[in-house]
Amino acid sequence: MEKKKKRLVIRTIILAVLVLAIGYTVYGTATKDKVELIAVGSEAPDFTLVDLNGETHKLSDYKGQGVFLNFWGTWCKPCEKEMPAIDRQYKIYKDQGVQTLAVNIAQTDFEVQSFVDRYDLTFPVVIDKTKSVMTAYNVGQLPATLLIDPDGKVVKIITGEMTEEKIASYMELVKPK
Amino acid sequence: MSLIDISGNLLFVAFIAYLVATLLFGGSIKQSNATGKNTDKWGKLAIIVTIIGFLSQLGYFITRWIYTGHAPVSNMFEFTTAFGMFIVGAFILIYFIYRLTALGLIALPVALLIIAYAAMFPTEVSPLVPSLQSHWLTIHVITAALGQSILAISAVAGLIYLLKVVDLKKPSKQRFWLEAVMFFLVVVIGFVIATSIFSGMGYESNYTYVDKEGTERQITYNMPPLFGMNEYKAVEEHGMSPLVEMPALINAKKLTTVVWSLLVGSILYLLIRLITRRRISAMFQPFVQRVNLHLVDEIGYRSVLIGFPVFTLGALIFAMIWAQQAWSRFWGWDPKEVWALITWLFYAAFLHLRLSKGWEGEKSAWLALIGFGIILFNLIAVNLIIAGLHSYAAS
Amino acid sequence: MENIICACGHSNPYGTKLCEKCGRPLTEEGKETKVVDMRYDGMAIRSKTYNKTFIDKIWNFFSSVKVGITLIIITLVAASIGTILPQEMYVNAPEANKAEYYEKVYGWFGKFYNSLGLSDLYSTVWFQVLVGMLAISIIVASLDRGIPLHKSLKNQRVKRHESFMKRQRIIAEGQVQNPDATLDKVEQKMTQLKYKVRRDGSALLAERGRFARYGPYINHVGLIIFLAGVMLRLVPGFHVDETIWIREGETRAIPGMDGYFIKNNEFTLETHDNKPQGEQLAQGVNVMAKNYQTDVTLYKQPEGALPGDLDNLEKVKDYSIRVNHPLKENGFALYQMNYRLNELKQMNFNLVSKANEEEALGQIEIDLTNPKKEYDLGNGSSVEILVYTPDFSGFENGEPQTKTSIPNNPAFLFRMKTPETPKGEVSFVEIMKPPLEPLGENKYRMKFAGAETRDSSNFTIRKDSTVPILFVGGIIFMIGVVIGSYWNHRRLWLQVEPDGRVLMAAHVNKNMFSMKKDLDAVTSFAELPQYEDQLEKPEDAEKSEKRGIKKKEGDSTL
Chain A
9 MEKKKKRLVI RTIILAVLVL AIGYTVYGTA TKDKVELIAV GSEAPDFTLV
59 DLNGETHKLS DYKGQGVFLN FWGTWCKPCE KEMPAIDRQY KIYKDQGVQT
109 LAVNIAQTDF EVQSFVDRYD LTFPVVIDKT KSVMTAYNVG QLPATLLIDP
159 DGKVVKIITG EMTEEKIASY MELVKPK
Chain B
5 MSLIDISGNL LFVAFIAYLV ATLLFGGSIK QSNATGKNTD KWGKLAIIVT
55 IIGFLSQLGY FITRWIYTGH APVSNMFEFT TAFGMFIVGA FILIYFIYRL
105 TALGLIALPV ALLIIAYAAM FPTEVSPLVP SLQSHWLTIH VITAALGQSI
155 LAISAVAGLI YLLKVVDLKK PSKQRFWLEA VMFFLVVVIG FVIATSIFSG
205 MGYESNYTYV DKEGTERQIT YNMPPLFGMN EYKAVEEHGM SPLVEMPALI
255 NAKKLTTVVW SLLVGSILYL LIRLITRRRI SAMFQPFVQR VNLHLVDEIG
305 YRSVLIGFPV FTLGALIFAM IWAQQAWSRF WGWDPKEVWA LITWLFYAAF
355 LHLRLSKGWE GEKSAWLALI GFGIILFNLI AVNLIIAGLH SYAAS
Chain C
2 MENIICACGH SNPYGTKLCE KCGRPLTEEG KETKVVDMRY DGMAIRSKTY
52 NKTFIDKIWN FFSSVKVGIT LIIITLVAAS IGTILPQEMY VNAPEANKAE
102 YYEKVYGWFG KFYNSLGLSD LYSTVWFQVL VGMLAISIIV ASLDRGIPLH
152 KSLKNQRVKR HESFMKRQRI IAEGQVQNPD ATLDKVEQKM TQLKYKVRRD
202 GSALLAERGR FARYGPYINH VGLIIFLAGV MLRLVPGFHV DETIWIREGE
252 TRAIPGMDGY FIKNNEFTLE THDNKPQGEQ LAQGVNVMAK NYQTDVTLYK
302 QPEGALPGDL DNLEKVKDYS IRVNHPLKEN GFALYQMNYR LNELKQMNFN
352 LVSKANEEEA LGQIEIDLTN PKKEYDLGNG SSVEILVYTP DFSGFENGEP
402 QTKTSIPNNP AFLFRMKTPE TPKGEVSFVE IMKPPLEPLG ENKYRMKFAG
452 AETRDSSNFT IRKDSTVPIL FVGGIIFMIG VVIGSYWNHR RLWLQVEPDG
502 RVLMAAHVNK NMFSMKKDLD AVTSFAELPQ YEDQLEKPED AEKSEKRGIK
552 KKEGDSTL
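As you go down the protein sequences, you meet chains A, B and C in turn.
Reading the first sequence from the start, the letters are residues 9 to 185 in my numbering.
Reading the second sequence from the start, the letters are residues 5 to 399 in my numbering.
Reading the third sequence from the start, the letters are residues 2 to 559 in my numbering.
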């Protein structure tokens with residue numbers, strides 16, 4: 009009887025392991041194609057990029073402040089639309105400890121500068137010449153916005169265009185308490 | 005004479021040698037049937053001629069390799085010819101294990117048909133696209149062809165087994181299908197005849213047509229067009245116009261070739277039946293009367309046992325290594341790959357059925373024939389029909 | 002489920018076909034047949050012994066070889082269905098339009114095929130479950146058979162009962178003069194033939210190639226390792242599969258390969274200088290490529306550097322990536338996959354007076370990767386770029402728009418200053434189109450004066466940590482198949498009674514042909530009575546063959 013019991017346990021374990029493995033495979037294949045940005049709640053990867061004025065911006069330098077990190081390109085219509093709104097909110101929140109950083113994806117200085125001039129943007133715009141920050145953040149679609157709290161954690165990720173109202177509420181979200 | 009001419013001549017010599025050897029094997033069996041003895045000079049002579057033919061074809065293979073600078077397995081003509089050569093090689097190997105003359109009587113004609121079929125494709129030396137410039141590809145293709153040809157011997161043994169065992173006097177499913185196999189072989193001859201005649205006449209008709217993605221293309225028929233391509237327009241037409249227009253999905257040129265082969269093959273088959281007043285299977289039957297069924301069954305099984313590991317190595321493992329290098333993934337569910345897997349699964353099922361379910365003798369013989377059918381399907385249909393949709397040559 | 006007590010007194014587990022100790026057939030069927038079923042040496046297959054709980058029932062289901070073969074056949078058929086139409090990954094249509102593509106190109110059948118999910122068959126849940134069930138079947142069936150077989154082979158006795166020996170395919174019976182000498186001679190010959198010989202009184206067992214019986218189990222282990230490797234690819238970190246487009250002259254971070262950068266120095270496309278022929282014509286290949294090659298430089302950031310920090314990049318190596326020759330570094334490999342030729346890199350314009358277009362006031366060269374705001378032509382003339390759109394798509398509220406950041410259709414809004422027109426004239430220039438003059442008729446215009454282009458390469462970046470596992474699985478599989486196919490397990494049992502009565506039996510799991518050679522040798526050497534093959538008795542060859550199929554289910558044994 010002891011032997012039979014042992015055998016039943018072994019069989020159960022083997023079958024359970026195999027069924028789990030198949031389940032994992034099915035699940036893994038189904039979710040394989042979903043491109044995900046870095047996980048909410050994780051540490052935002054640090055980076056360093058140079059803005060149009062030649063100043064270097066390092067994400068970790070803004071520890072203690074909230075960061076509104078926006079990835080964009082001049083050809084991207086939704087990016088273009090939300091930029092002025094971001095600039096207005098930037099002016100309100102920069103003194104409350106929320107920094108805005110706009111990361112352009114590998115365009116020429118000329119294009120980015122003319123864009124900034126046209127909309128009279130005042131927040132720092134950095135250019136990711138080699139797409140290395142874009143790669144580190146796994147950004148696929150533009151615009152993509154990441155909200156980083158004063159501790160350097162990613163609080164929220166938004167892909168797609170935002171209204172000014174939303175932008176304000178997001179900046180409020182990462183404002184240092 | 006340049007190297008490529010020498011190469012061509014060697015192939016021709018091999019072809020003739022196989023033909024002569026087939027007749028010698030037939031004679032050897034006839035003689036031993038008549039005398040009741042197995043010690044015969046004919047049989048020895050037959051295997052010697054076979055070996056001469058094989059060496060000559062090996063010479064073709066090597067000289068062509070030297071001339072082109074790459075292994076001559078890179079297009080339909082080269083690969084199929086090599087496949088024929090390996091079948092003869094596998095036959096010689098098995099012959100020296102079991103010394104069964106009847107094997108030669110079936111194996112050599114099959115090899116002859118395959119080589120003749122190969123010769124219907126363009127024989128020009130063509131350079132390689134980058135993805136094919138790989139040593140692993142050479143190793144993979146040669147090993148796979150070797151494995152397939154050893155597996156083919158099991159079908160040869162299976163055919164001998166069935167020729168002896170199936171009762172041709174009473175109508176039965178077995179009798180029908182056995183004759184169907186014979187008919188298929190005659191259709192291959194039909195293809196060879198039709199292609200040779202039309203290319204001997206230098207037949208050519210040109211058309212434009214619209215392919216399935218809507219682009220206009222040109223096509224050249226080398227046989228009188230029975231079927232027209234989608235929305236075809238004649239550019240330069242000879243003899244006849246297409247009888248029926250086909251939708252874009254169907255390659256009417258290939259369909260024309262198939263139908264011509266079937267036509268010529270059927271006529272040929274009917275002629276044979278009318279002249280001999282017998283089924284083709286019945287014509288072969290006297291030659292296999294004296295074979296030992298157990299031995300034939302064992303040869304069939306043994307060829308699968310020898311061929312299966314070689315096939316696995318060549319068609320799956322080496323193929324994966326090459327694919328990993330050339331395409332960055334070891335497996336891509338490409339039709340050619342899938343059919344190699346299907347072949348492998350089929351022979352795995354064959355072995356399991358034999359080992360655990362006792363499928364021996366006749367069942368095993370039928371399975372061996374089906375297996376060879378899958379191999380041929382992979383060679384002919386996947387290359388010409390399915391691969392047309394996603395061809396290795398496309399990139 | 003009671004144990005079966007054999008006539009010799011040994012207690013065998015339920016399901017045993019041949020007594021573990023003496024070899025007597027224990028089933029009615031076994032007693033009736035002339036040749037016993039030697040699969041698994043007559044041991045009880047475990048699954049057949051217990052069949053009580055739900056788990057046992059599932060276990061027994063997968064333990065059946067019949068189920069295994071059925072699964073193989075279903076997989077085979079399913080796989081072939083996937084080749085009827087090309088799979089989605091090979092279809093040349095954007096992801097979103099694939100369903101339409103199937104309907105457009107293949108009609109109702111294409112729609113049907115696509116809607117059933119057959120166009121992406123190999124990643125469907127049911128196909129994966131099918132392969133998974135096959136894996137379970139392989140594991141369970143092997144465990145159930147391999148373990149008892151191993152036990153049985155390990156505990157083989159030399160002396161077997163007459164009823165066992167007489168039911169082997171090969172038997173010999175007769176008389177010899179000198180029993181001990183016969184046994185000695187057989188031992189001598191069989192040892193010479195590389196058999197392992199054991200003796201027990203009047204009995205002798207000669208055995209060779211026992212390991213061949215383990216071949217199937219070894220190859221099954223290899224298969225399972227291989228499948229496990231395939232599964233592991235889904236675990237994050239084991240498998241990287243990224244893609245990157247990079248133009249000549251650009252440096253890019255390599256996705257998936259943190260800290261590495263790649264610079265495209267030059268792309269080369271070489272073609273065979275031959276006319277396409279035969280098959281190539283049929284396949285619509287016009288010019289055959291000989292080589293695609295990208296000369297690249299691989300860089301690495303110093304340890305601890307942040308993304309975006311391009312100072313102090315360390316050069317790792319220069320390499321020419323070609324098809325079949327990927328760049329390999331640190332477990333990653335970069336493959337040449339695709340290319341695009343002739344993207345605009347630089348555009349040249351002459352500033353000319355409309356009155357005299359032949360005489361230029363000067364030429365500007367606009368580097369599209371870094372356009373300048375103003376180009377001074379000297380002699381008081383200059384050109385200012387007010388707007389540059391790389392991929393002009395039309396105006397919106399008077400502003401020129403760009404579709405992408407790629408210079409497919411560059412357009413410029415210039416301000417041209419000359420000594421004659423010091424305030425400047427504004428002209429909108431789109432490639433291949435006459436200039437637009439929004440602020441009224443101009444005296445001057447920008448005349449296109451040539452361009453420079455560059456190519457871009459597409460690489461796939463792969464890291465596959467499962468490859469070693471797959472490789473090990475493949476090798477083990479091959480070893481198992483080769484062992485199981487090229488070797489066989491041969492056994493000879495001999496019993497010589499003191500009175501000279503001889504009983505010999507032989508068994509081989511496959512390839513009786515070569516076993517008979519050994520038997521012939523030993524028979525003539527030790528002057529044994531001539532053996533007979535019970536399946537080849539001429540008088541009832543046909544009958545025994547049919548019975549062979551029906552009752553004993555094959556003499557070939559795993």
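Treat the hints with care, since some could be wrong.
[As the list claims (entries may be wrong)] Taking lysine-lysine pairs in the BS3-like style, the calculated list, with each CA pair at most 30 Å apart, reads:
#: 1; chain 1: C; residue 1: 434; chain 2: C; residue 2: 464
#: 2; chain 1: C; residue 1: 444; chain 2: C; residue 2: 346
#: 3; chain 1: C; residue 1: 374; chain 2: A; residue 2: 99
#: 4; chain 1: B; residue 1: 367; chain 2: C; residue 2: 418
#: 5; chain 1: B; residue 1: 34; chain 2: C; residue 2: 517
#: 6; chain 1: B; residue 1: 340; chain 2: C; residue 2: 517
#: 7; chain 1: B; residue 1: 258; chain 2: C; residue 2: 434
#: 8; chain 1: C; residue 1: 301; chain 2: A; residue 2: 66
#: 9; chain 1: C; residue 1: 318; chain 2: A; residue 2: 66
#: 10; chain 1: A; residue 1: 13; chain 2: C; residue 2: 67
#: 11; chain 1: B; residue 1: 34; chain 2: C; residue 2: 518
#: 12; chain 1: A; residue 1: 164; chain 2: C; residue 2: 404
#: 13; chain 1: C; residue 1: 404; chain 2: A; residue 2: 14
#: 14; chain 1: C; residue 1: 301; chain 2: B; residue 2: 361
#: 15; chain 1: C; residue 1: 329; chain 2: C; residue 2: 424
#: 16; chain 1: C; residue 1: 355; chain 2: B; residue 2: 216
#: 17; chain 1: C; residue 1: 301; chain 2: C; residue 2: 355
#: 18; chain 1: A; residue 1: 11; chain 2: C; residue 2: 434
#: 19; chain 1: C; residue 1: 53; chain 2: A; residue 2: 11
#: 20; chain 1: B; residue 1: 361; chain 2: C; residue 2: 318
#: 21; chain 1: C; residue 1: 444; chain 2: C; residue 2: 464
[What the hints assert, rightly or not] Label-pair restraints from in silico Cβ distances:
#: 22; chain 1: C; residue 1: 502; chain 2: B; residue 2: 59; range: 32 to 40 Å
#: 23; chain 1: B; residue 1: 333; chain 2: C; residue 2: 15; range: 23 to 31 Å
#: 24; chain 1: A; residue 1: 176; chain 2: C; residue 2: 271; range: 41 to 49 Å
[To be verified] Facing chain C, according to a computed beta carbon distance under 10 Å, are these residues of chain A, among others:
#: 25; residue: 48
#: 26; residue: 53
#: 27; residue: 60
#: 28; residue: 63
#: 29; residue: 66
#: 30; residue: 70
In case anyone wonders, no lab produced these hints; they're calculated from the structure.
For each residue, glycine too, the CB sits at the ideal point set by N, CA and C.
*Taken at face value, is the distance from the CA of residue 67 of chain C to the CA of residue 13 of chain A at most 30 Å?*
Distance ~27 Å between residue 13 of chain A and residue 67 of chain C Cα, so the pair holds.
_Tell me if the straight-line CA distance from residue 34 of chain B to residue 517 of chain C falls inside 30 Å._
Within the cut-off at roughly 28 Å; holds.
_With the threshold set at 30 Å, check whether the alpha-carbon distance from residue 53 of chain C to residue 11 of chain A stays at or below it._
holds (14 Å)
*Could you say whether the range 41 to 49 Å given as a hint is met by the Cβ separation of residue 176 of chain A and residue 271 of chain C?*
Given about 58 Å between the Cβ atoms, the range is violated.
*For residue 333 of chain B and residue 15 of chain C, compare the CB-CB distance with the range 23 to 31 Å and indicate the outcome.*
With a Cβ separation near 49 Å, residue 333 of chain B and residue 15 of chain C fall outside 23 to 31 Å, so the hint is violated.
*Between residue 434 of chain C and residue 464 of chain C, does the CA-CA distance stay at or below 30 Å?*
violated (47 Å)
*Quickly compare the C-alpha distance for residue 34 of chain B and residue 518 of chain C to 30 Å and report which way the hint goes.*
holds (28 Å)
_Proposed proximity, residue 99 of chain A with residue 374 of chain C (alpha carbon, max 30 Å)_ = holds (28 Å)
*asked:* Can you confirm whether the C-alpha distance between residue 444 of chain C and residue 346 of chain C stays at or below 30 Å?
replied: holds (29 Å)
*Within 30 Å, alpha carbon to alpha carbon, are residue 329 of chain C and residue 424 of chain C?*
violated (58 Å)
_Holds or violated: residue 355 of chain C and residue 216 of chain B, Cα atoms, limit 30 Å._
violated (50 Å)
_Hint consistency between residue 340 of chain B and residue 517 of chain C [alpha-carbon to alpha-carbon, up to 30 Å]_ = The hint is violated at about 42 Å.
Going through the hint list in order, the structure does not satisfy hints 1, 4, 6, 7, 13, 14, 15, 16, 17, 18, 20, 21, 22, 23, 24, 25, 27, 28 and 30.
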